[in-house]
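Given the coordinates of chain A, assemble chain B onto it according to the supplied hints.
Residues per chain, in single letters:
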Amino acid sequence: MTLTRLFTTAALALGLASTAMAQDKTKVGFIYVGPIGDGGWTYEHDKGRLAVEAEFGDAVETVYQESVPEGADAERAITQMALQGADLIFTTSFGFMEPTLAVAEKFPNVKFEHATGYKTAPNVSTYSARFYEGRAVQGHIAGKMTKSNIIGYIASYPIPEVIRGINSAYIHAKKANPDVEFKIIWAYTWFDPAKEADAAQALIEQGADVILQHTDSTAPQAAAEKAGNVVTFGQASDMAEYAPFPRVSSIIDDWAPYYIARTRAVIDGTWETTETWDGIGPGMVAIGEITDAVPADVKAEALAMKDAMARGEYHPFTGPLNKQDGSVWLTEGEVADDGTLLGMDFYVEGLTGQIPN
Amino acid sequence: MLRLEKRPQPSRLWTFATPPLAVLITMIAGGALFAALGKDPAEAIATIFWQPLFGEFSFYYRPQLLIKAAPLILIAIGLSLGFRAGIWNIGAEGQYIMGALAGAGVALALYPLESRIVFPLMVLAGALGGWAWAMIPAMLKLRFGTNEILVSLMLVYVAEQLLAAMALGPMRNPDGRGFPGSRNLRQYESAHNGELIPGTGMHWGVAAALIAVILAYVLLSRHSLGFHIRLAGQAPRAARFAGVRPGRLVVFCLGTAGALAGLAGMFEVAGPAGQVSIDFNVGYGFTAIIVAFLGRLHPVGIALAGLLMALTYIGGEMAQSTMGLPAAAIQLFQGMLLFFLLAVDLLTNFRLRVRLREAA
Numbered sequence: 000m001t002l003t004r005l006f007t008t009a010a011l012a013l014g015l016a017s018t019a020m021a022q023d024k025t026k027v028g029f030i031y032v033g034p035i036g037d038g039g040w041t042y043e044h045d046k047g048r049l050a051v052e053a054e055f056g057d058a059v060e061t062v063y064q065e066s067v068p069e070g071a072d073a074e075r076a077i078t079q080m081a082l083q084g085a086d087l088i089f090t091t092s093f094g095f096m097e098p099t100l101a102v103a104e105k106f107p108n109v110k111f112e113h114a115t116g117y118k119t120a121p122n123v124s125t126y127s128a129r130f131y132e133g134r135a136v137q138g139h140i141a142g143k144m145t146k147s148n149i150i151g152y153i154a155s156y157p158i159p160e161v162i163r164g165i166n167s168a169y170i171h172a173k174k175a176n177p178d179v180e181f182k183i184i185w186a187y188t189w190f191d192p193a194k195e196a197d198a199a200q201a202l203i204e205q206g207a208d209v210i211l212q213h214t215d216s217t218a219p220q221a222a223a224e225k226a227g228n229v230v231t232f233g234q235a236s237d238m239a240e241y242a243p244f245p246r247v248s249s250i251i252d253d254w255a256p257y258y259i260a261r262t263r264a265v266i267d268g269t270w271e272t273t274e275t276w277d278g279i280g281p282g283m284v285a286i287g288e289i290t291d292a293v294p295a296d297v298k299a300e301a302l303a304m305k306d307a308m309a310r311g312e313y314h315p316f317t318g319p320l321n322k323q324d325g326s327v328w329l330t331e332g333e334v335a336d337d338g339t340l341l342g343m344d345f346y347v348e349g350l351t352g353q354i355p356n
Numbered sequence: 000m001l002r003l004e005k006r007p008q009p010s011r012l013w014t015f016a017t018p019p020l021a022v023l024i025t026m027i028a029g030g031a032l033f034a035a036l037g038k039d040p041a042e043a044i045a046t047i048f049w050q051p052l053f054g055e056f057s058f059y060y061r062p063q064l065l066i067k068a069a070p071l072i073l074i075a076i077g078l079s080l081g082f083r084a085g086i087w088n089i090g091a092e093g094q095y096i097m098g099a100l101a102g103a104g105v106a107l108a109l110y111p112l113e114s115r116i117v118f119p120l121m122v123l124a125g126a127l128g129g130w131a132w133a134m135i136p137a138m139l140k141l142r143f144g145t146n147e148i149l150v151s152l153m154l155v156y157v158a159e160q161l162l163a164a165m166a167l168g169p170m171r172n173p174d175g176r177g178f179p180g181s182r183n184l185r186q187y188e189s190a191h192n193g194e195l196i197p198g199t200g201m202h203w204g205v206a207a208a209l210i211a212v213i214l215a216y217v218l219l220s221r222h223s224l225g226f227h228i229r230l231a232g233q234a235p236r237a238a239r240f241a242g243v244r245p246g247r248l249v250v251f252c253l254g255t256a257g258a259l260a261g262l263a264g265m266f267e268v269a270g271p272a273g274q275v276s277i278d279f280n281v282g283y284g285f286t287a288i289i290v291a292f293l294g295r296l297h298p299v300g301i302a303l304a305g306l307l308m309a310l311t312y313i314g315g316e317m318a319q320s321t322m323g324l325p326a327a328a329i330q331l332f333q334g335m336l337l338f339f340l341l342a343v344d345l346l347t348n349f350r351l352r353v354r355l356r357e358a359a
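The listed protein sequences correspond, in order, to chains A and B. Per numbering that gives the first Met the number 0, the very first residue in the first sequence carries number 0; after that it's consecutive. Per numbering that gives the first Met the number 0, the very first residue in the second sequence carries number 0; after that it's consecutive.
Don't take each hint at face value.
[What the hints assert, rightly or not] One side only, chain A facing chain B, incomplete, derived with CB under 8 Å:
#, residue
1, Glu54
2, Gly56
3, Ala58
4, Val62
5, Gln64
6, Glu65
7, Ser66
8, Thr78
9, Gln83
Treat the hints as calculated values from the structure; they're not laboratory data. Nothing here was measured: the structure is a model prediction, and the numbers come from that model. We put the CB at the ideal spot given by N, CA and C, even for glycine.
Isolated chain A, as found in the complex (with noise of 0.2 Å):
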C-alpha cells in the first residue's frame, strides 16, 4: 500500500470519525514560530487561540505546538495535527508555506489557514494583516519624538511585509520631520532575545533615540530602558509592562475575531479559500495605548490619522513617492495598488543603504 493511500485512508477514517463527532466537538490546531511566552507575535496568536476557546467553549476544542523550525520539521507537525483530527489547523509563519501546501494536498478533507504567505489551495486559505497602516501611525510618532533625529530599525528578514514596514514608518516619521534618518539592522531572525538586544545597543550607541523592531521579543524594550532616553513602540504585541516609557505606544496584531470567524465557518460548514488582508479598519491591527510620554497634539494627530486610515479616507502609501533611485512610484494622488505592495522588494526615496539581497 503506498503512503497517499495510506493517507487517505486514515483521512477518511478521520473525516468519518469527525463528522460522527462534528455535532459535539471541532479541532482546531495553531503551529507557532516561537513560544507562546515571546510577548510577541506568537503570543498574540495564541490569544486568538484562546478566544477561540473562550467564544465556542465545549463545541470547539484546540492544540498547539509551538517553536516549530521552518522546514522538514514543520511539515511533520502539520501532519501530525491533521492525523489526530484537526478540522482546521492554522499555521501562522511566512516559512511554513510549502509545509502546509504539502500537507494539504495529503489531507483534503483538512482546512488550512496559512499567515502571510501568497499560494492557497482548494483548501488553504491565507490571512494577514495590514502592518503597514501601524507603521504609519508609528512612524508618525517617532519622527516627532526623536531629538537625535535618528531611528533606529530592528528588521528581521528582507521580505516584503517587513520593507513595507520600514518604508511606511519612513515615509510618515519624514512627513513629521524631515531632518530624519533611518538606520537599519537586519537581524535575520523572528525571535531571538540576545540578537535582538545586541541589534538595539548598536544601534543606540550609533546615536537612535528611537528603536522600532519588527521582531518578536521585548528584548529591544529591555535594552531602551536600560539607556534611559531612548523610545520604543511595541511589536505584535502590547508589550504594556514597557509603558509609559521606553514604550510609547505599540502595534497590536488582533487574530482573534479572525479565528473566531474561520472556526465558526467550519463548524457552519461554509469554509471557503479566501486570501485576507486587513488592516485597522476591521480591527486586525490595533494600535495600542499612546502614553503621556508623548505630547498631546502628537496623540492627536496620531490618532487622527489612525481614524482617517480605519475609515477608509487614507492610505499610507499615497503620492507623490518616488523609489530609492529617484525613479517615480506614484504621483500626486495615486495610492499604491495590492499587487506593489505584497511583493515590495524596493526602499522609498530617502533611505539610506541597500535591501541585502
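Relative to the frame of chain A, chain B by itself:
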C-alpha cells in the same frame, strides 16, 4: 560512606550498560518534571517513546524516524572518527550547510534539465562542499597550529550567513514574488531525493547512513588506518612511534566528517526540506555530537543513538501537541539525556565503594 575508586581498566560491562541506564534515569527525572508541570508522567513518557513506534499513527511516524535519524547518524559517524583520534570537529553544522548549498546549487544551475545525471552530480557536489569547508580548519591547523574546535565552530556562523545570502540572492526562486527561498526541489523530478520504496521513509540519505555505518565499522576494526585513529586518541606518543603521521590523520578525519556532513545536508535539501531557505539548518550538526557520544563513538552504537534521538524529537513533538507540554520541557528532557549519560559514565572508569567508617 560512599567512595570512588578508579578502576585499573574501564569496565566493559558499564561501557554497554551506561547508555540504557542514562535513558532510564532520564525517564524517571523527566517524568518528575512532567508531573511537576501537572501532566501525567506515565502518559508523557509513553507518548514520547511508545506512540511513534507502536501507536495509532505509527505507519506515519516510523518512516519519519528514519528521515530524522539519517542525517544525525551520517554526521555522527564522520565526527566519531575524529573524536576517537582526538580531533574535535565542532563545525559539522557549517559543513552540513555547505553541502546543501553545493548540492542545491548544482540542481538549480541545471534546472529544468531532466536527466539521470543530475542527482549523482548533486551527491558529488554535496560531499565536496562539506569536505572543502572542513578543509579550512584542517589546513589552518596544519599550517599555523590553530585550534580546530574554534575554527570549525566559527565557520558555522560564516556558513549560516552564506546560507541567508544565497536564499535571498543567487538561489532565490525567480517565480517566488521576491520572497526568500529557492525553488522547491521536490517539484524538480531529477533532483528530488524521494522515497526509494514508497511508505518506508527510505531515501538516499538513509541508505547512505547505513553504508557509512558499515564502512566505519570495517575501517575501525579491520583497517590499519582505523587502528591508527584509535591509537592516536588513546596514546598519542605511542602513535608517533608506530609511524602515525598526525597531519594526515587530521586531514582524513576532518575531511571525512565534512564530506559526510555535506552529504547529509544535500540529501536533506533535496528531500525532506525541499528548498534552500534562511532557516534551513536546524542543528543536526550539533545534535550529532551528542549522538556520537551517546553511541560511544562506535558505529553500531551511533546508529542506535541516532534512532533514539530521533525518537525523542518525534515523540517530544507528539507530547507537545497532544498533551500541551511546553517545547522547553521537551528540550530539557533531551538535555537530561546527555547530562545523565556523562554522569553515569563515571561508573565506566570508577567503582563505587560503600565503606563503613574506619578508625583513623
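Consistency of the hints with the structure:
1. Glu54: 19 Å, violated
2. Gly56: With Cβ-Cβ at 18 Å, over 8 Å, it is violated.
3. Ala58: For alanine 58(A), the interface hint is violated, since the closest Cβ of chain B sits about 19 Å away, which is over 8 Å.
4. Val62: 5 Å, holds
5. Gln64: Holds, about 4 Å.
6. Glu65: Holds: closest Cβ of chain B sits about 5 Å from glutamate 65(A), inside 8 Å.
7. Ser66: 4 Å, holds
8. Thr78: Because about 7 Å separates threonine 78(A) from the closest Cβ in chain B, which is inside the 8 Å limit, the hint holds.
9. Gln83: 6 Å, holds
Of the numbered hints stated above, those contradicted by the structure are hints 1, 2 and 3, listed in ascending order.
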